[in-house]
Amino acid sequence: MIRKTFSICIEILLLITIFGCSAPLLKTPQRAPSEEQTETTNINEAKKNAVQAQQNAKSLAEYHFSMAQAYVAEGNPDRAIEEYKLALVFDPNSPLIHTRLVAEYIKKGSLSDAMESCKEALKIDPNYIDALLILAGLYSATHEQELALKEYDKILKKLPAHEETIVYKVQILNELNRPLEAVKILKQFIKKYNKESQLAWYYLGRSYQKLKQEKNAIEAYNVALKIKPTFYQAALSLGSIYEEKKTYPKALAIYKEIFSQTQDLIAANRIVTILLKEEKYKEALPFLDSISVLDADDMNSQVKLGLVQMELKSYNQAIETFKKILEKNPESERVHYYLGSLYEETKNSSGAIAEFKKVNHESKLFLDSALHVAYLIKQQNGRGSAKTYIEEVISKSPKNVSFYLFQANLEEEEKNYIKATSILEKALVLFQDDEKIRYYLGSLYEKIGLTDKSLVQMEKILAINPDNIDALNFVGYTWTTKGMRLDDAGKMLKKALSLKPNNAYIQDSWGWYLFVRGQFKEAVRELEKAVKLKPDESTILEHLGDAYVKLNLREKAIAKYEEAIKIALDEDAKKTLESKIVNLKQEKALAKPLPDLIPVPEKRIPAAQ
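Each residue of the sequence shown is one higher than the one before, starting from 9 at the first, in the working numbering.
Don't read these hints as lab results, they were simulated from the structure.
Any given hint could turn out to be false.
Straight-line Cα separation of at most 16 Å, EDC-like style, residue types lysine to aspartate or glutamate; simulated pairs [claimed, not checked]: (1) Lys285 / Glu252; (2) Lys455 / Glu420; (3) Lys365 / Asp376; (4) Lys395 / Glu421; (5) Lys127 / Asp138; (6) Lys455 / Asp578; (7) Lys285 / Glu335; (8) Lys372 / Glu420; (9) Lys331 / Asp306; (10) Lys366 / Glu400; (11) Lys444 / Glu400; (12) Lys427 / Glu467; (13) Lys502 / Asp475; (14) Lys200 / Glu171; (15) Lys404 / Asp376; (16) Lys93 / Asp121; (17) Lys366 / Glu339; (18) Lys455 / Asp580; (19) Lys503 / Asp544.
Kindly generate the complete structure, drawing on both the sequences and the hints.
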């Protein structure tokens, strides 16, 4: 304020000096001049004062212009604008001052004011190139590209070899998806005016790239680099073509050369992206380290560094990386999730739980985080604590299917089948078309002997999704074991097998279907395939043993039953297998003919795939 007041005072004093009385004080009375002499004297004095005023006005304009420049250097656009405006008071016809004023308006984001000042400059001098360029740039910034092109054309009409204008114009043409026009303009400019313009060759490459003419683009970029070998933007664009074509060795060679010369972050990030795509984590690590040093605020690269360290099993380093990120970004739920995963991997359950719990229930990561917490709590404190926690989670996020499935599973593990079915029945009210809930509920009904209810659920799944492989297998297998609707059962199992041909459980169901239909040789062939796919499943081994019995292959049958006993979890199933072995050994000793074995209805629930 003091400086501004002082400036105004100086201006007033100067104005007084300019326009005030400049005649000397009369010390003694003198004879009055004639009328003609007086008129001549006044005219001469007026001319003298006008020249003096003009000189002083110019000085004031220069003074305010200098003050404005000082404020520009200080980074104070508001004061700079004030001074430029004062400069215009004393030099209103200066296009330069108007144009400098534009720059300060742009800094403040006052684009409309900037545009008006630019137009004022052009009223004074319609050929002022700087103002024309700036006005075109303002039109481009406000998405008025056609108006911008008109301004560039005005310049090119006067200066057809003006490189800067050519560059700006072709940029807009490419933005407007008019690369053919850009190519034509650039080729003409290069041919007529400047064959050595690296910028023209570069933008010619960009335009060709826009047209998907990679060969021409590569040639243009190479010419630009020949003219100026340190033109790294052209080199980056050249690398991007090879990267898009998945010619990674060439792209990497270019990016690595740029990085070795300039430590360019864009090049480093491109290198990292390619190496991670190729799963070359060790090679990516030093570049990620460099990025973290060169740009400590690049959180994405920091996260990538931590993930690569995780992938390389450098868990302690990864933990430290994520901790550093959280120091700057404590609210990053994604990083809390990664840190929780690391703690879980390193058996730090308490640390893992603490980190997973920092993920908000509205986050996309909440589902996985909450399930990890529930699982870890179950491991640490037992199912009771896990049940309490999952109830709290459901109260926060009641529209997530997986929480109900986990809750039901906790009850099933304790053989609380009725409670588990109750949980799923309630969930089914919220998620009527959810196939996972219906399948799990159907399998629980089967466990408690409610086969008809289980079939109802599976059939509803097939009404929702006729290609649900698990439901097709379940219904087909269940009908087979019950000896009902065998033709339909066969169709379902064939369909399931065609949808998932190398699944052991479906293969077993199909083999057992052939067994029930009396096609024992075919059954053996299919069941042997199932055993190869899943050699540690007792029910499949038992089925193959039963099929061997039908072909009078006692020794093979006994061997399969014995294998099945070793891995069977259910005591009743073990007793059944032992009984079959005893009977076969007795029959072998007595050399009696083998009676037909009546298939025992299976209680196996096909595993969800």
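Cross-check of the supplied hints:
no.: 1; hint: Lys285 / Glu252; result: holds, 13 Å
no.: 2; hint: Lys455 / Glu420; result: holds, 10 Å
no.: 3; hint: Lys365 / Asp376; result: holds, 11 Å
no.: 4; hint: Lys395 / Glu421; result: holds, 12 Å
no.: 5; hint: Lys127 / Asp138; result: holds, 12 Å
no.: 6; hint: Lys455 / Asp578; result: holds, 13 Å
no.: 7; hint: Lys285 / Glu335; result: violated, 29 Å
no.: 8; hint: Lys372 / Glu420; result: violated, 28 Å
no.: 9; hint: Lys331 / Asp306; result: holds, 15 Å
no.: 10; hint: Lys366 / Glu400; result: holds, 15 Å
no.: 11; hint: Lys444 / Glu400; result: violated, 22 Å
no.: 12; hint: Lys427 / Glu467; result: violated, 23 Å
no.: 13; hint: Lys502 / Asp475; result: holds, 12 Å
no.: 14; hint: Lys200 / Glu171; result: holds, 12 Å
no.: 15; hint: Lys404 / Asp376; result: holds, 14 Å
no.: 16; hint: Lys93 / Asp121; result: holds, 13 Å
no.: 17; hint: Lys366 / Glu339; result: holds, 9 Å
no.: 18; hint: Lys455 / Asp580; result: holds, 14 Å
no.: 19; hint: Lys503 / Asp544; result: violated, 25 Å
Of the numbered hints stated above, those contradicted by the structure are hints 7, 8, 11, 12 and 19, listed in ascending order.
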